[in-house]
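Number of protein chains: 2
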Amino acid sequence: MPATTRLHVCITCRNSGAEPGNNQTDERDGKILHDALIAEHKVAKGSTDGETDVEIVPVECLSNCKSGCSLSLSAPGKWGYVYGNLTPETHRDDILKLANAYAQSSDGIVPWRERPESVRRNVIARIPPMNG
Amino acid sequence: MPATTRLHVCITCRNSGAEPGNNQTDERDGKILHDALIAEHKVAKGSTDGETDVEIVPVECLSNCKSGCSLSLSAPGKWGYVYGNLTPETHRDDILKLANAYAQSSDGIVPWRERPESVRRNVIARIPPMNG
Numbered sequence: 293m294p295a296t297t298r299l300h301v302c303i304t305c306r307n308s309g310a311e312p313g314n315n316q317t318d319e320r321d322g323k324i325l326h327d328a329l330i331a332e333h334k335v336a337k338g339s340t341d342g343e344t345d346v347e348i349v350p351v352e353c354l355s356n357c358k359s360g361c362s363l364s365l366s367a368p369g370k371w372g373y374v375y376g377n378l379t380p381e382t383h384r385d386d387i388l389k390l391a392n393a394y395a396q397s398s399d400g401i402v403p404w405r406e407r408p409e410s411v412r413r414n415v416i417a418r419i420p421p422m423n424g
Numbered sequence: 293m294p295a296t297t298r299l300h301v302c303i304t305c306r307n308s309g310a311e312p313g314n315n316q317t318d319e320r321d322g323k324i325l326h327d328a329l330i331a332e333h334k335v336a337k338g339s340t341d342g343e344t345d346v347e348i349v350p351v352e353c354l355s356n357c358k359s360g361c362s363l364s365l366s367a368p369g370k371w372g373y374v375y376g377n378l379t380p381e382t383h384r385d386d387i388l389k390l391a392n393a394y395a396q397s398s399d400g401i402v403p404w405r406e407r408p409e410s411v412r413r414n415v416i417a418r419i420p421p422m423n424g
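Here the protein sequences come in this chain order: B and F. Throughout the first sequence, residue numbering follows the working numbering, covering 293 to 424 in sequence. Throughout the second sequence, residue numbering follows the working numbering, covering 293 to 424 in sequence.
Just so you know, the hints here were simulated from the structure itself, not pulled from any lab data. One or more of the hints may lead you astray.
Where chains are identical, the list cannot tell them apart; a pair therefore holds if satisfied intra-copy or between any two copies.
[Claimed, not checked] Derived DSSO-like pairs: lysine-lysine, alpha-carbon spacing no greater than 30 Å straight-line:
hint, residue 1, residue 2
1, K323, K334
2, K358, K323
3, K389, K358
4, K323, K389
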């Protein structure tokens, strides 16, 4: 089954509180988060039948620069979501759980109680489905 | 030409700084903004050939409740945008200008200098195109 859910991870984000100018040449926090998600996603895929409905895609800027590391979840015909203030250490596993729950939902709306606790308060905004 | 650009306006929003509890029965600020946009949009349509490429659609909650009145711009194959901290008095006309510029763009990205000044700093977040 081809991936229909896109998990876009901003690779130019800096962590909340990071001071631009001091680490311009350091690897961006968003890139570190992206790579951590890719690595963990491969492990998760390896433990199943190798198929997945979530594709992790790097992106440069989700226009949410004040809210630390950011990502979006989207799929045709579903609500799109932007999450912020994320770190690999705290959120990596739960981001993937959230993405899987999103992929399995019919409309992109994962009930509050089914969202992993560490990320459920990190929603920045959502956009209605194109055909909704 | 059918409308392909959707301007979703949250009708359950309250203005930034409004205190929930004191005006639970009042008309929501988002509904007032929505109605003002609809009214102005009809005037604008009446002054042209009656066709438009922007459809204004009410929506309940864009999960951006901390940032005053909110709306989203979306269209098939384009970046989707969420804007916040909007009021009818300050932003009504410029929201419609922005929506028209968005509708005329190929990818949803309206260059910074072409965004009306009153709204250009109000971006909350954006989501990549479904097919991007």
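Checked hints:
{"no.": "1", "hint": "K323 to K334", "result": "within (17 Å within a copy, 45 Å between copies)"}
{"no.": "2", "hint": "K358 to K323", "result": "both (17 Å within a copy, 28 Å between copies)"}
{"no.": "3", "hint": "K389 to K358", "result": "both (25 Å within a copy, 26 Å between copies)"}
{"no.": "4", "hint": "K323 to K389", "result": "within (20 Å within a copy, 35 Å between copies)"}
Checked against the numbered hints given earlier, the structure satisfies every one of them.
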